[in-house]
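In order, the protein sequences belong to chains A and B.
Residues in the first sequence are numbered from 1 upward in steps of one, following the UniProt record's numbering.
Residues in the second sequence are numbered from 1 upward in steps of one, following the UniProt record's numbering.
To be clear, the hints were calculated from the coordinates, so they are not data collected in a lab.
Just so we're clear, the structure is a prediction, and the values are computed from it rather than from any experiment.
Hints may contain errors.
[Said to hold, decoys possible] Residues of chain A placed beyond 12 Å of chain B at every Cβ, according to the derived structure:
1) LYS33
2) ALA67
3) ASP122
4) TYR124
5) TYR160
6) GLN163
7) ASN194
8) ASN290
9) LYS300
10) MET328
11) ARG334
12) VAL353
13) THR405
[Stated by the list, open to error] What follows is a list of derived Cβ distance ranges for each label pair:
14) A:SER384 <-> B:LEU74: 57 to 67 Å
15) A:VAL265 <-> B:LEU61: 23 to 33 Å
16) A:GLU381 <-> B:ILE270: 52 to 62 Å
Note that the Cβ used here is the ideal one computed from N, Cα and C, for glycine as well.
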Amino acid sequence: MKDMQRRHFLGLGAAGLLATPFLARPALAAADKIQIAGIHDASGGIDIYGRPMINCLNLAVDKLNAAGGVLGREIELVNYDPQSNMQLYAQYATEAATRQRAAVVFGGILSASREAMRPVLDRYRTLYFYSLLYEGGVCDRNTFCMGSTPGQTLEKFTPYVMQKFGGKKVYVLAADYNYGQITTRWIEKFVRENGGDVVRADFFPLDVNDFGSTIRQIQAQAPDIVMSVLVGGAHNAFYRQWLASGMKDKIPMASTTFGIGNEQVLTTSEEHDGIIVSYAYFDGIKSPENEAFKTEYYAKFGDKADAITEGGAMTYHAVNLWAKAVEMAGTIERDPVIEALETGLSFSGPAGVTTINAQTHHNTLDSYIAEVRANNYVVLESFSQQPPSDTLAVCDLGANPNDATQYVVEVPEIAG
Amino acid sequence: MDYVAIILLQTTISIANLVLISAGLAVIFGMMRVINFAHGEFLMLGGYTAVIAAQHGVPLLLSCFVLAPILVGLVGLVVEYLVIRHLYGRLLDTMLATWGVSLILIGLVTVSFGNSVSGISTPFGSVAIGRFTIGLYELFLVAVTIALVVAGYLVMRFSRIGLIARATMQDREMAEALGINQRAVYRATFVTGAALSGFAGALIAPIAGVVPTIGASYLAKCFITVISGGPAIIAGTLSASGLLGGVNVIMTFLSTPVLAEVALLATAVILLRVLPQGITSKFFRRSQ
Numbered sequence: 001m002k003d004m005q006r007r008h009f010l011g012l013g014a015a016g017l018l019a020t021p022f023l024a025r026p027a028l029a030a031a032d033k034i035q036i037a038g039i040h041d042a043s044g045g046i047d048i049y050g051r052p053m054i055n056c057l058n059l060a061v062d063k064l065n066a067a068g069g070v071l072g073r074e075i076e077l078v079n080y081d082p083q084s085n086m087q088l089y090a091q092y093a094t095e096a097a098t099r100q101r102a103a104v105v106f107g108g109i110l111s112a113s114r115e116a117m118r119p120v121l122d123r124y125r126t127l128y129f130y131s132l133l134y135e136g137g138v139c140d141r142n143t144f145c146m147g148s149t150p151g152q153t154l155e156k157f158t159p160y161v162m163q164k165f166g167g168k169k170v171y172v173l174a175a176d177y178n179y180g181q182i183t184t185r186w187i188e189k190f191v192r193e194n195g196g197d198v199v200r201a202d203f204f205p206l207d208v209n210d211f212g213s214t215i216r217q218i219q220a221q222a223p224d225i226v227m228s229v230l231v232g233g234a235h236n237a238f239y240r241q242w243l244a245s246g247m248k249d250k251i252p253m254a255s256t257t258f259g260i261g262n263e264q265v266l267t268t269s270e271e272h273d274g275i276i277v278s279y280a281y282f283d284g285i286k287s288p289e290n291e292a293f294k295t296e297y298y299a300k301f302g303d304k305a306d307a308i309t310e311g312g313a314m315t316y317h318a319v320n321l322w323a324k325a326v327e328m329a330g331t332i333e334r335d336p337v338i339e340a341l342e343t344g345l346s347f348s349g350p351a352g353v354t355t356i357n358a359q360t361h362h363n364t365l366d367s368y369i370a371e372v373r374a375n376n377y378v379v380l381e382s383f384s385q386q387p388p389s390d391t392l393a394v395c396d397l398g399a400n401p402n403d404a405t406q407y408v409v410e411v412p413e414i415a416g
Numbered sequence: 001m002d003y004v005a006i007i008l009l010q011t012t013i014s015i016a017n018l019v020l021i022s023a024g025l026a027v028i029f030g031m032m033r034v035i036n037f038a039h040g041e042f043l044m045l046g047g048y049t050a051v052i053a054a055q056h057g058v059p060l061l062l063s064c065f066v067l068a069p070i071l072v073g074l075v076g077l078v079v080e081y082l083v084i085r086h087l088y089g090r091l092l093d094t095m096l097a098t099w100g101v102s103l104i105l106i107g108l109v110t111v112s113f114g115n116s117v118s119g120i121s122t123p124f125g126s127v128a129i130g131r132f133t134i135g136l137y138e139l140f141l142v143a144v145t146i147a148l149v150v151a152g153y154l155v156m157r158f159s160r161i162g163l164i165a166r167a168t169m170q171d172r173e174m175a176e177a178l179g180i181n182q183r184a185v186y187r188a189t190f191v192t193g194a195a196l197s198g199f200a201g202a203l204i205a206p207i208a209g210v211v212p213t214i215g216a217s218y219l220a221k222c223f224i225t226v227i228s229g230g231p232a233i234i235a236g237t238l239s240a241s242g243l244l245g246g247v248n249v250i251m252t253f254l255s256t257p258v259l260a261e262v263a264l265l266a267t268a269v270i271l272l273r274v275l276p277q278g279i280t281s282k283f284f285r286r287s288q
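Using the sequences provided together with the hints, build the complete structure.
Structure (structure tokens):
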């Protein structure tokens, strides 16, 4: 029914556009509905990250609408599928901002996709929420980053892993784009601060699925710990080849990405048992909010739905924080909504309490360290209310509201 | 000492891998001069056959050696009947048509099985060589590849089928004048190529995993290997795989995986500048 109405409306819109060449927008029919956009990969190699995020976005919007919408108006969500193609991200961001006139855009998965959309949405002054964990450092008044950053996870995670495995030599395997490159620098920084050394870092394009030579190289270097910053469906092959080479029980592994695309379901327990990860959300969190959220999620999408990831949970938080800000501002206009968000709005949901940090437009959130075991997570440690310390060190939007850069941590290059 | 051994072993594995994934393409391109852009998808279909069959309890080797070649061979037969046979001798048209076939196959598989399927674990365990360990399954793949190449050589050299194939490759019109049905030869060739690709795809599935778009990761490498190899199917694929696989592994050890890929492409470019018709246009010419 909703689709029908939308199609009908689009038809009207097109007719209106044809009839009036003066850019008199056919916005009349839509005036009572608030337009918002979701831009996540629902197909292609990155869809494993996108699907739980899209589910959570739909769920959040449906719940808000069931409760009467925002400011008494219904929310109309349009989901765009960029098909794991970075060019389509910029294109759909433009479309959402101009043709759809979305009040806010939720989306972006890879850091590359975020950096494709961010300038576009800045230019059209369309509010933007990015909900996946990432390498930190984005300092942009128009953008709110909901996911965890290295200062909230890696800073605790790195010493934890080094101590747990009694190791100082770390070998990093990372995806070859901004997320992998910058996260590797953070790992170097934290490893060194804890008296260790990154012996080698290898970077792989996203379509590489043969890691044979690399595994021999790891064996030659004999590190104490392997840190995986691998991303996407093709890179999943690494965990299988690692096990097949008999290395699984010889060198322990930690990862900043394993599980964000529900890899724990796509690999077998022999392949992933014992990998240590750190995120701001696990579906096993025992809180009434999370239990209720999971019940609603699986009631809506079925038992076989993708397990809820940090990206999914933070998308849910993002939509609710935005709705709160709109209610507070009394309008969907960008500037008053940003000002409302900057009052330090909090939302208590599946991932616990998350609070907007006004200085950086990031989240203060709880983070966890967990071990992957038998297609699930065993939480080992939790850290309450972590501020985005990495971005806080470089970004002050209160002092420089016109900043729109992504800062990169300064770590001197290491050899090899 | 074990370091040298492991580099040699890894090089052998990479070369064998290249030979294995390129074999189907080499047969089709070498015999028919048809540029099969759906080659990667034939590999992908083989992989899916192995994974889906394994989920239903079929042993891996049964799906590799029987199910995948038959199934993908049948797909090849259908594609040949519907598309390829109308386009013999039209090189550019076959490229476009097979590219369409590849998109259709990716779409069909995505619709049927979704975008992500859990893979199958690599069988056989591993073996230690000094301070290194290496998967036995990878060594098994080398053995299978060697057997495949030897079998290919014996068929081409000593069987009647091989004789017809060589005659067709050397002079199509002459072979036809001597009473060989070219249509039948082409159909058989395309189906054989598809079956070989299915076989290879199923064999590498336990290592590489499967996604509908996995073909794209292989296609470029396969084409570079086959084109650099030149007119002789077996000697060409072997020599090109040896050169390119060797460069890739050694560069991975000396520098980074990304530079190794660059080195592989650079080698192919230089090679084709010097020998535009491929390695076997100048060397091993008698192996045709």
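Violated hints, by number in ascending order, as checked against the structure: Structure breaks no hint.
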